[in-house]
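Modelling step: build the complete structure from the supplied sequences, incorporating the hints.
Same order as they appear, the protein sequences are chains A and B.
Just so we're aligned: 102 in numbering that gives the first Met the number 0 is position 103 of the first sequence, and the numbers increase by one with no gaps anywhere.
Just so we're aligned: 90 in numbering that gives the first Met the number 0 is position 91 of the second sequence, and the numbers increase by one with no gaps anywhere.
None of these hints come from the bench; they were simulated from the model.
Worth double-checking, as some hints may not be accurate.
Within a straight-line C-alpha distance of at most 30 Å, the following computed DSBU-like cross-link-like pairs (lysine-lysine) qualify [unchecked claim]:
no.	chain 1	residue 1	chain 2	residue 2
1	A	91	A	75
2	B	14	A	91
3	A	75	B	14
4	A	14	A	91
5	A	14	B	75
6	B	14	A	14
7	A	77	A	14
8	A	77	A	91
9	B	75	A	91
10	A	14	A	75
11	B	77	A	91
12	B	77	A	77
Protein chains: 2
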Amino acid sequence: MVKMNSSFLWIEQLKFNSQGLIPAIAQDYRDHTVLMMAWMNREAIQRTLETGEAYYWSRSRDELWHKGATSGHVQKVKEVYYDCDADTLLLKIEQVGNVACHTGARSCFFNRASLPTSITSNEVTRR
Amino acid sequence: MVKMNSSFLWIEQLKFNSQGLIPAIAQDYRDHTVLMMAWMNREAIQRTLETGEAYYWSRSRDELWHKGATSGHVQKVKEVYYDCDADTLLLKIEQVGNVACHTGARSCFFNRASLPTSITSNEVTRR
Numbered sequence: 000m001v002k003m004n005s006s007f008l009w010i011e012q013l014k015f016n017s018q019g020l021i022p023a024i025a026q027d028y029r030d031h032t033v034l035m036m037a038w039m040n041r042e043a044i045q046r047t048l049e050t051g052e053a054y055y056w057s058r059s060r061d062e063l064w065h066k067g068a069t070s071g072h073v074q075k076v077k078e079v080y081y082d083c084d085a086d087t088l089l090l091k092i093e094q095v096g097n098v099a100c101h102t103g104a105r106s107c108f109f110n111r112a113s114l115p116t117s118i119t120s121n122e123v124t125r126r
Numbered sequence: 000m001v002k003m004n005s006s007f008l009w010i011e012q013l014k015f016n017s018q019g020l021i022p023a024i025a026q027d028y029r030d031h032t033v034l035m036m037a038w039m040n041r042e043a044i045q046r047t048l049e050t051g052e053a054y055y056w057s058r059s060r061d062e063l064w065h066k067g068a069t070s071g072h073v074q075k076v077k078e079v080y081y082d083c084d085a086d087t088l089l090l091k092i093e094q095v096g097n098v099a100c101h102t103g104a105r106s107c108f109f110n111r112a113s114l115p116t117s118i119t120s121n122e123v124t125r126r
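Below is the structure:
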């Protein structure tokens, strides 16, 4: 049990939404790949600090979610940042198994959206 | 005006929240720094595709927000991804001026949270 002493007053500065949740971006701490975005409540943050592994709040199951508890693909937290508005978290993590997504993909962001040629042609020109 | 033809059907797959918004993570397309997280509605996405520059929905001002319109720190969109649940966007962008945050910081995530020594000492041990 981690004592929530004055060192962790940053938690009190966070702005949770009306459901008591704050979005948390999980990013690989080595190569900076964005792996997933999920939601945390105060308890999820506290459990994450206590264990060093990422806990989230599952909005679909409406319960605390120890990421990787079933799959083994836990996330070891290395650093935590919050943004200028204190309403979003950024977790720098070590992704055990190198798989963050429930689909088996490394990152949940595997769907690349098609863009207008006016954008993609700019990119070609730049290179 | 970009024609929203069948190439952009991915927009129809997105899951907007009850306010018609979807979170969008902006990440530097070169060094992968996470710069900010903001919200987009359907119009913001469409304007982003039309112009190649990131538009968001400002929840505080309750209006469409052309990022950088005032500061000049616009975001040129290079790639767009959506996640496995289609409820979060990841924009790979070129940050003009190399400043994404309204505070003048490069990234909005400049607040590093203090963590228990049980976590930080793990990190020291690993290295």
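So, going through the hints one by one against the coordinates:
For the hint linking residue 91 of chain A to residue 75 of chain A, the alpha-carbon distance of about 9 Å falls within 30 Å, and the restraint holds. Between residue 14 of chain B and residue 91 of chain A the CA atoms are separated by roughly 26 Å; this keeps the pair inside 30 Å, and the hint holds. The hinted pair formed by residue 75 of chain A and residue 14 of chain B meets the criterion: a straight-line CA distance of about 29 Å does not exceed 30 Å. Taking the CA atoms of residue 14 of chain A and residue 91 of chain A, the gap is near 20 Å; set against the 30 Å cutoff, the hint holds.
For a cut-off of 30 Å, the pair hint linking residue 14 of chain A to residue 75 of chain B stands: about 29 Å separates their Cα positions. For the proposed pair residue 14 of chain B and residue 14 of chain A, the alpha carbon gap of about 23 Å is at most 30 Å, so the pair holds. Restraint check: the Cα-Cα separation between residue 77 of chain A and residue 14 of chain A comes to about 22 Å, which is no more than 30 Å; the hinted pair holds. Restraint check: the Cα-Cα separation between residue 77 of chain A and residue 91 of chain A comes to about 5 Å, which is no more than 30 Å; the hinted pair holds.
Our distance criterion of 30 Å between C-alpha atoms is met by residue 75 of chain B and residue 91 of chain A, whose separation comes to about 25 Å. The suggested pairing of residue 14 of chain A with residue 75 of chain A holds, with an alpha-carbon distance near 24 Å, which does not exceed 30 Å. For a cut-off of 30 Å, the pair hint linking residue 77 of chain B to residue 91 of chain A stands: about 24 Å separates their Cα positions. Among the hinted pairs, residue 77 of chain B with residue 77 of chain A is consistent with the structure: their alpha-carbon atoms are about 29 Å apart, no more than 30 Å.
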